[in-house]
Every structure is written in structure tokens, then in C-alpha cells.
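Undergrad: Below, each chain spelled out in residue letters.
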Amino acid sequence: MNFGLTPEQEELQRSARRFLQAEWPPAAAHAVFAANHDGYPRELYGRMAQLGWMGVLAPREASGLGGSFLDAALLTEELGRAAVAGPYLANTLAVWALRQVGSGVAKHWLPLLASGQSIGTFAWFEGDSQTWPVALQTRLTLGRFGIRVHGVKRFVLDAHVADAMLVVGLVVSAGRRSTAVVVVPGSQQGIKIRTMDDVDRTRRIHEVEFDGVTVPRRSLIALGTSADRLLARVYDAAAVLLAADSLGGAQKLLEMTVEYAKVRQQFGRPIGSFQAIKHRCAEMVAQIEPARSLVWYAAHAIDALPRQAACAASLAKGHLSEVYVSVAESALRVHGGIGFTWEHDLHIWFKRAQWNRYAFGSPERHRERVAQELRW
Amino acid sequence: MDLTYSPEHEAFRRQLRAWLRKNLGSWRRGQERLDYDDPRRIERAKQWQRVLYEAGYVAMSWPKEYGGQGADPITQAIVDEELVRAQAPGLIGQMGIQMVGPTLIQFGTEEQKRRFLPKILTAEEIWCQGYSEPNAGSDLASLQTRAELVGDEFIVNGQKIWTSNAQFADWMFCLVRTDPKAPKHQGISYLLIDMKSPGIGVRPLVQMTGERGFNEVWFENVRVPRDQLVGELNQGWQVANATLLHERNMLGAATRTQELFAALVRLAKLTSQGGKSVIENPVVRQRLAALAMRVEAVRYHALRQLTDTVLGRPRGIAASVNKLVATELNHDIAACALDLLGSYATQSSQSKFALDHGKWIREFMFTLGMIIGGGTSEIQKNIIAERSLGLPREPRHLPREPRPETGQ
Ligand SMILES: Cc1cc2nc3c(=O)[nH]c(=O)nc-3n(C[C@H](O)[C@H](O)[C@H](O)COP(=O)(O)OP(=O)(O)OC[C@H]3O[C@@H](n4cnc5c(N)ncnc54)[C@H](O)[C@@H]3O)c2cc1C
Chain X
870 MNFGLTPEQE
880 ELQRSARRFL
890 QAEWPPAAAH
900 AVFAANHDGY
910 PRELYGRMAQ
920 LGWMGVLAPR
930 EASGLGGSFL
940 DAALLTEELG
950 RAAVAGPYLA
960 NTLAVWALRQ
970 VGSGVAKHWL
980 PLLASGQSIG
990 TFAWFEGDSQ
1000 TWPVALQTRL
1010 TLGRFGIRVH
1020 GVKRFVLDAH
1030 VADAMLVVGL
1040 VVSAGRRSTA
1050 VVVVPGSQQG
1060 IKIRTMDDVD
1070 RTRRIHEVEF
1080 DGVTVPRRSL
1090 IALGTSADRL
1100 LARVYDAAAV
1110 LLAADSLGGA
1120 QKLLEMTVEY
1130 AKVRQQFGRP
1140 IGSFQAIKHR
1150 CAEMVAQIEP
1160 ARSLVWYAAH
1170 AIDALPRQAA
1180 CAASLAKGHL
1190 SEVYVSVAES
1200 ALRVHGGIGF
1210 TWEHDLHIWF
1220 KRAQWNRYAF
1230 GSPERHRERV
1240 AQELRW
Chain Z
3 MDLTYSPEHE
13 AFRRQLRAWL
23 RKNLGSWRRG
33 QERLDYDDPR
43 RIERAKQWQR
53 VLYEAGYVAM
63 SWPKEYGGQG
73 ADPITQAIVD
83 EELVRAQAPG
93 LIGQMGIQMV
103 GPTLIQFGTE
113 EQKRRFLPKI
123 LTAEEIWCQG
133 YSEPNAGSDL
143 ASLQTRAELV
153 GDEFIVNGQK
163 IWTSNAQFAD
173 WMFCLVRTDP
183 KAPKHQGISY
193 LLIDMKSPGI
203 GVRPLVQMTG
213 ERGFNEVWFE
223 NVRVPRDQLV
233 GELNQGWQVA
243 NATLLHERNM
253 LGAATRTQEL
263 FAALVRLAKL
273 TSQGGKSVIE
283 NPVVRQRLAA
293 LAMRVEAVRY
303 HALRQLTDTV
313 LGRPRGIAAS
323 VNKLVATELN
333 HDIAACALDL
343 LGSYATQSSQ
353 SKFALDHGKW
363 IREFMFTLGM
373 IIGGGTSEIQ
383 KNIIAERSLG
393 LPREPRHLPR
403 EPRPETGQ
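Chains as they are written, first to last, in my numbering: chain X, 870 to 1245; chain Z, 3 to 410.
Just so you know, the hints here were simulated from the structure itself, not pulled from any lab data. Keep in mind that this is a model prediction, so the values were computed, not measured. Warning: the hint list may mix true and false statements.
[Claimed, not checked] When the alpha-carbon atoms are kept at most 25 Å apart in a straight line, the in silico SDA-like pairs for lysine to any residue are as follows:
1) X:K1147 to X:Q1134
2) Z:K354 to X:G996
3) Z:K383 to X:R1133
All chains should be modelled from the sequences, with the hints used to inform the complete structure.
TA: Spelled out as C-alpha cells, the structure:
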């Protein structure tokens, strides 16, 4: 029994923290809030790629780090702590999916995404929610000359910089509807991208319209039950990574808040000496510390406990997104007026907490999923 | 208990509704942006207040000689209710109407009342509140902005911060230190300062919502005529507190809470998920009903306070309770709306995909700002605990202060 990180994992996390402190200070996160910034800090991503982070989940023979899912979660936690912008999450989910399938197209794209040469993303959800499973409208028509993609996707992460989009749609044949996933190059004719402007500028989401885009038949990477299994696994992965990101962000907010409570003086004493503030800070710790174990467990389950993975992922995502929002709320209250400004760092994490809450299923949906997984 | 309105009040309500039906038209709130970033919006907001004033509906309870109607508090409450019900835009001059105006009626000289009150009503003069400073927020009485009386003028030096609307306000009601040697609550004075005076600098600050709302304001040898002092020299703390009570009642207005809640219910009816209106979802129904209980409590509590006012009963710490309860409730209402919107919750007001014009994420942040402004929830709780319940203050390491210190 050893519920904890290996020395290598501890070192991975420490070095990632040091690296991001130097390469992605809050000023860099502020910069992506400027109106003309496209949200993709290419220079940082160049360095992250050199470190192998874009392919942490890809096997070594596909230019990856061959890391465990827990490794990926630890890295993501650090990216969340630093509020890193750009397509890391999108790309990591695409890598995770491609690594599960053995087809030729997957073999083509996996090393490109893992090495950071290309960026991948999922074009998955439609209409009103990011919950899975959900009824899809997007049609994939298998013809003699290829697959025609027709439909409108929403909440597509980083579509504007994606080289490969993993499009989820329905194949209807002989009255049977099957889920399917195809890889569509971002450069393909017939793709229209419309930005969905979010208050969290560290994330960029889009509506993507596929108007009869045609790709070769070999672009199909999963069909039917294998597609359903694949997507369930990616959904779990997204849930765990968002939980990890939330954990990192909450930790950062706690540190900022405690630091401020020590230096800000009112009534001739540090505000941290008022019990109302002290308890608020202690409450943040009480929320964060147990939640950390939930994230580690969920990440480990993805690799090692497949039957528990879905439940653990939903427990982690549902709970951590509540914790992050609640910690952000407390952080803002303790900061008073200064925290309400655009110039201050706080709003960056505050908004990221909100985004994390609703992306890939709201807490309510994950609670429902937990209840189902536990067969209540 | 008798919950009927007199025939006169009913008639007044009918007449007001008819007026609103006829005149609100293009003034009705569309986009839910309440900020005044753009000079054209400011101009239009002033025009709306003017229109409402000319119809006789602004600050009806003020005395006739200062531009009011001398109306009773119930009439005033009917106006507040009906404006919200009709979704009329808010008033740009509200800090004048609801904060400094009532303070001047109570503490101002006859000359000050005649000079300032009418222009507050017509929106010819917009006011801002110069209380907070970089080192004096919750501990307002530690403010440092200095005013020295030289002949017939005060010379003001120092800095204010978080001054909402200072970027376009014509006047500021401002707390200054006039006796640095006195215990901190006894050396403060309350001045009315012309924002066009030489020596005033204003730097707008962008709020987390992306809007320019509050500002930093600097004073460098700003001259203020002595007759713009409200109350006695060095006795401004008492006047300041009167304004704070008005502010807390304003921020704690039940009408605002009702308005927000009504918008939430509309949202729940209009939003669908998985092809079903979310208001049919049992989880949503539970949450909405739980909020409704709190909203209704606030509404009836306001009616009870209205009766207290009519009967001239003391209101105790009602303002702090109102502020605490309503601002927290408003924030919870906005949080519920975000959950209803789900993946669309964080779409900004600029997004073509935003539902309800991105109203709710802004409202979620803004309501948190209102929990902080006007004295934070912690400060309101301290006031309630110490002044109303008589609980002792937290132990201090410093020499004892001469007065109870619940701050703001
Ligand atoms: C949107 C907005 C608009 C505003 N507009 C104006 C305006 O127009 N004019 C103006 O003068 N001011 C304005 N303010 C300022 C507002 O009044 C102050 O922000 C507020 O009083 C808190 O002060 P502070 O920001 O310095 O926080 P601090 O006083 O530093 O408080 C920091 C934290 O410490 C807590 N704390 C402090 N003392 C105690 C205590 N004794 N016990 C327990 N907890 C304590 C607070 O509750 C808070 O959580 C505005 C603020 C906001 C957010």
C-alpha cells in the first residue's frame, strides 16, 4: 500500500512548477486577456514541446514521454496553478484518444501531436451541453470516395489553431445509428470557425461548422461500440484533467490569499488575524487537501482500475469544480476591492474556475453520473 | 395585519402604471449593461432620469421645497416596485438620490439643501462617494486624506480609491481628516467637492467584469469653500454613518432582489436542456423554490420595515441586515443562473452565442462586488454581532480605541 507519488513524480511536478514560474508568470496570463491575443502562446508551447509535455500520454515510440495518467494529471495541475493558456488540454485529449486506436491515421497524427509539431482537438459537443453521452446531430456519411462530414459543433477547444480535429458524429446505415470518430485536418475546405467569446480568456472555444467536408475513409478511427468506449474513456480523461487543473488553480488562490491576509492591515492589524478571515483560509485548506487525494485516485484509476475509472473521474470533476469555485469566491472576498480589478491577478483564476466548472459536464451532471455508476 | 393599500395609493399605482406603459417604450432595459462606459450612455441615462423626474416620480418623498413631492414612504415604495416591475432602467443619479441627498436633508444647511438637492433630482449633477482609500477600506475611520482650513477654504490633499462613477461625476461627497491629532473618529469632516476643481486627478480602474466602474482620485491642494462642509467640523463620522445607512439600504433593496429573481425564473422557463425546459427539472425546481423562500422573506421584511418607517419606529441595525442578506442572496441567484446556463454560463457579453446577453456571468461578479462595497459581509456581521447582540469585540493587540469599532 502506497497512496502517494513516486520520487520521479514529485520531481516532475517540482520542475514543472519551477519552469512555469519562470516561463508563465501572471503577467503572461494577463497578456492573453488583451482583445487581439489569439490565446496561443507559441513560444511557451515550443518549450513545453521540448520538455515532452505535449506527448506526456503518448508512448515513447510515438515521440511521447510514455507517462502514466497520473503524470499527466500532475502536469495539468501545474498548468492550472499557473493558469496557462493555449491548446494543452485539447491536444492532450486528442493524444489520449489516438493512443487508444491502432489505425494508420492515428499512427500518422499521434507523433505529430505528441511532439507538438501539430495541435489536435476534439469537435464533439453540440447545442446545449458538454455532457456525454448525448444525442448527436452531426452526420458522417460513408460513401465510395470517402466520408462526408455534415454538422455544427460547439465548445470546440482551440479550433482556430488545430491541425487535426477529432470529429464525433453519427453514421446511419440500414436504420442503425452508430457513433463514430473521424480525423479531419484543420486545413480542410468547408470548415467554418466562429469564436465563442468566453470570459475566461485563457481558454478559447469555438463553434465549428462542417459543411459537407469530405475526408478519406481511412480517417475513421472508431465506429459503433468501439467509438462509444473510446469516447467514454476520453470523457473520463477530460474530467480528471479538469479536476487536476482545478486543484492547481485552487492551490494558487489559497497561496495568494494567505499571503495577502498576512500583509493587508486594517484596524491596525493584519486582516488574517480576524477569525472571519482566518477561518475562511483554513476552510480553503480543508476543501483542497482531501480533494487532492480524490484527483490522484481518479488519475490512477484511469490506468489501473478501469472498472472504477468513470465513477472516480466524475467524483473528482464534480467535486473539484465546486471546490475551485468556492475557493475563488473566498479568495475574492478576502482581497476586498483590490481583487475586483482587472489589473489584479485574481480574476484570471476566478474566471478559469467558472470555465472548469461547466466544461465537460457541470457538477450536477457528474453527480448524476456518480449515482448511476454506483447503481443507485 | 392589513395588507391592502388605501384607495389613494391604489389610484396612484394605476396612474404610474399607465404612465410607464405609455412612456417607458424605448427606455426599457434591453442589454443588461448597467455600466456607464460610453458618454452616449451617460447622456441617455441622464435623459431618462430627467423624463422620470418631470413626470414627478423621482425621490417623491423629498420635501417639496427641494424638488420632491413630500410624498409618504408608501408612495415612494410603490414607485420603486413599479419601476422594477416594468423593467425600467436604473437611475444614474442614484448615489445622489439615495445617499448624499437624504444625508443633506438630515444634516445640510438650508443653503446646501437649496443649492444641491434639486440638481440631484434632475440629473444635472451626478455624485460620487469619496470614502475608501488605499489603506482605509473596512477600517474607514483610519482615512488619511487631509483637509486644512485656511481662511474660508479647505485645502485638500490625498487619495481616494474605488470611487464609483468619479470619471463622470460632477460632485463628490468626501471624508477628510481635519484634525490629525484627535482620536481617529473625531478628526473627520464631511465635504462636498466640485469634481471640476483644479488639482483633482481621476484614473479609471477596469473592474474584473471588464467595465470601467470605479476610479482612483487624487487631490493636490484642492480648494473647497468652507460652506461645503456638512455638519460640524471634525464631526463628520456621524454624518458619514448616516450616509452609510442609506447606502446599505440601497444595496439591500428588496426590489433589486425581486427583479433579479424574476429574471432567473424567466431564464429557467426559456432555457432548455435535452429538449426540455429546465424549469421542469426537479433539481432546478428545488433550487428555485429555496431561493423563492429567501426572496419572499426579504420582500415581506421590506414591507414590515416600511411600516416601521411610517410609524417612526427606530430601525436598529436593519440596514446592516438588509445589506448582508440581500447582497448574498443576489449573488446566490446569479450563481443559480450560471448553473442553468451550464456550458453557456461563461460566454461573455461580446459573444454571439451568449444567452441573456451574457447578463449572468457579469451579474455573478457584480453581485460579489456589492458584497464587498458598502462594507463587506464580514463587517456587517461584526456590526450586527457587536452593536445589536452586544457581543464583545475581537481581542486586539493595540491600545484601546475610545469607540466601538465595527468599521465602515
Ligand atoms: C464594486 C465596488 C464599488 C465600490 N465603490 C465605492 C465608492 O463608490 N466609494 C467608496 O468610497 N468606496 C467604494 N468601494 C470600496 C468598498 O467600500 C471597499 O472595498 C470595502 O469597504 C472593503 O475595503 P477594502 O477593499 O479595503 O478591503 P479590506 O478592508 O482590506 O478587507 C479585506 C478583507 O478583510 C476583511 N476584514 C477587514 N476587517 C475585518 C474585521 N474587523 N473583521 C473581519 N474581517 C475583516 C474584509 O471583510 C475583507 O474580506 C467599492 C468597492 C467595490 C468592490
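Undergrad: When the hints from earlier in the document are held up against this structure, which numbers fail?
TA: Hints that this structure does not satisfy do not exist here, as all of them hold.
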